[in-house]
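Visitor: The chain contents come next:
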Amino acid sequence: MSILEMGKVVLKNLFNKPVTERYPFVKKEYPSGARGKVNIDPAKCIYCGICQRKCPTAAIVTTKEPKVWTIDRMRCISCNACVEVCPKKCLVLDVMYSPCSAKQGTDSFRP
Amino acid sequence: MTEQTIIDITIPELLGKVRECQEKGMRLVQICCTRLPEVLEIHYSFDLEYAFTSYRLTLQNTDTPVPSVSGIYLPAFLYENEIHDLFGIKVEGMAIDFKGKFYQKTMKTPFNPAQPSGEAK
Amino acid sequence: MSNRTIIPFGPQHPVLPEPIHLDLVVEDEKVVEAIPSIGFIHRGLEKLVEKKDFIDFVYVAERICGICSYIHGMTYCMSVEQLLKLEIPDRAQYLRTIWSELSRIHSHLLWLGLTADSFGFESLFMQSWRIRESILDIIEETTGGRVIFGAAKVGGVRRDVSSVKLDEIMKKLRVYQKEINTIGSVFLNDTTVKHRMQGVGVLSQADAKSLGAVGPMLRGSGVSQDMRMTGYASYGKIGFTPVVETAGDCYARTKVRILEIAQSVDIIQKCIEQIKEGPIEVKVIGMPDGEYFARTEQPRGEVIYYAKGNGTKFLQRMRVRTPTFANLAPLLATLRGCQLADVPVIVLTIDPCISCAER
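Chains as they are written, first to last, in our numbering: chain A, 1 to 111; chain B, 112 to 232; chain C, 233 to 591.
Pulled out of the complex, with its shape left as it was, chain A reads as follows (with noise of 0.2 Å):
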């Protein structure tokens, strides 16, 4: 039996540092692993179109003619199933994530 057990921990809160960042000043930095946005070099690309086959959720529409990359970031979920199946390397999940946006639409690449 104790009361005040959680006195120790409050008053060591009290007199150290803040636990969160302080954010714009100190910006967080995402581990080299993280999924956040899918980003593509579109001079690599050769408009295959197995990322479009192995997307889960059908964000990615390639076109061959004309050569067009289109991703909806709203639909993808940054699951790297295209990534792990580009042919060509061109694709890489970027450790950001996509800036929030009002509207829905999509990204189109282009050669």
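Hints may be right or wrong, so weigh each one.
[As the list claims (entries may be wrong)] As a list, the in silico BS3-like pairs of lysine-lysine whose alpha-carbon atoms are at most 30 Å apart:
(1) B:Lys216 <-> C:Lys283
(2) C:Lys284 <-> C:Lys317
(3) C:Lys404 <-> A:Lys28
(4) C:Lys279 <-> B:Lys201
(5) A:Lys54 <-> C:Lys545
[As the list claims (entries may be wrong)] Non-contacting residues of chain C with respect to chain B, defined by C-beta distances greater than 10 Å in every case (computed):
(6) Phe241
(7) Val257
(8) Arg295
(9) Val379
(10) Met402
(11) Ile470
(12) Val514
(13) Arg568
[To be verified] Reference listing, derived: stretches of chain B covered by chain C, where coverage requires no fewer than 3 residues with Cβ under 8 Å from a Cβ of chain C:
(14) 142 to 153
(15) 175 to 186
Quick caveat, the hints were computed from the structure, so don't treat them as lab data. For clarity, every value in this text was computed on a predicted model and none was experimentally measured. Heads up, the beta-carbon is just placed ideally off N, CA and C, and yes, glycines get one too.
We have chain A already, so just place chains B and C on it with the hints.
Guide: Leaving out everything else, chains B and C in the frame of chain A:
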């Protein structure tokens, strides 16, 4: 992987088998229904010291009522209301009958849409 | 004989993270009976298996629950692997065990915070979630996701973790273990906390068995049952004894969870000691055929994945029985006869995860 046994039973045998399980001190693990192209299957699964047994009941259609086992295992009423709501199987004598209001859904029996009663309202 | 009143509890209530509705039949301040209604967030995810092929469905399985997402994905993979008769490499099994235990630690810390919140101990709530944040950071470093790990895959795991990283994790976990012990002693020894939990919501051993309770709810009532004892993943090689408490009240359930955090840290340590280099996945050949019930232990209790395939790439049926669904009947039994003010605490001690119960 652990061993599991699946035993086929018929509707008249059901209550007797379930009572037998209760006497052995088995725990009701789950009840689930499967819609196959021709028939419906209901699994009554029990566990005793990590040994898993499942009794499989095969129904030709949803017209045949199934007796409720909630008189023997009380928690069965949750599973039975679920299969009644999703598959349209008639279960007789549930301990608490939600009368189709267990899940809120737009179709009458969403997991068994082939039934004439399963069409959207 | 006093008048009976029906008080609706939920679906929106400050202590409830997710919507469940209870009709509490109250006599003065005493609850006589509770009738649940769920179904506010039924999504019909089980039906989706007929439209997604068995490899893609793992993404859906992971999203059934936001807290024990990894174990959902892993159990789904286990059930399909059994249908495909795949032999999973050792390293993948150990990584699966490590991630399962990390998700158990973060889920239990989340629960401890919510419970502290339910009896109005805000600083304890903040402190628990602060430690949970560090666990989430470990998870993000190893899998890339914080809550949805995305690391489970039919045939193995999607990512490898280097041995340097594993040693770092262990060092960090030892530090966090000390912090968890500090807040654990507040939960277990503080007079005010004990006052709210001891003798509240008692579930007897016989009731726990007959009502089909699972997880900490069952172990808090003195029944030693833990699906990890069946030895799936690499639990068979590690060996442990389930944490059991006999009182059956809210305090016992809290104690089980706090001790399980320490146990999880030990299991992770044993895994890191035993893990060997090797492949992390096998090639998936063939199509699922047959039926299988995969059973694993989630932070909330036993989860069951029933998979039935017919040799095509679409499974015929995928059924999930989540621990919260099994714990609903015991919840109603514990609510009978309790005080109205204790209802939030009792509802929280089953660790309700309603969207996972309704799928």
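Visitor: Please go over all the hints and tell whether each is borne out by the structure.
Guide: Comparing the hints with the structure gives:
1. B:Lys216 <-> C:Lys283: 19 Å, holds
2. C:Lys284 <-> C:Lys317: Holds: lysine 284 (chain C) and lysine 317 (chain C) sit about 21 Å apart, inside 30 Å.
3. C:Lys404 <-> A:Lys28: Given pair lysine 404 (chain C), lysine 28 (chain A) holds - Cα atoms ~19 Å apart, limit 30 Å.
4. C:Lys279 <-> B:Lys201: Satisfied, since the Cα-Cα distance of roughly 20 Å is no more than 30 Å.
5. A:Lys54 <-> C:Lys545: Status holds; Cα separation ~14 Å.
6. Phe241: At about 17 Å from chain B, phenylalanine 241 (chain C) clears the 10 Å cut-off, so the statement holds.
7. Val257: Holds: least Cβ distance 13 Å, greater than 10 Å.
8. Arg295: Arginine 295 (chain C) is indeed farther than 10 Å from all Cβ atoms of chain B, at 19 Å.
9. Val379: 26 Å, holds
10. Met402: 29 Å, holds
11. Ile470: Holds, because the least Cβ-Cβ distance between isoleucine 470 (chain C) and chain B comes to about 16 Å, which exceeds 10 Å.
12. Val514: 15 Å, holds
13. Arg568: 12 Å, holds
14. 142 to 153: Coverage by chain C holds here, the residue count being 4 at a Cβ distance below 8 Å.
15. 175 to 186: holds (count 3)
Hint compliance for this structure: every hint is met.
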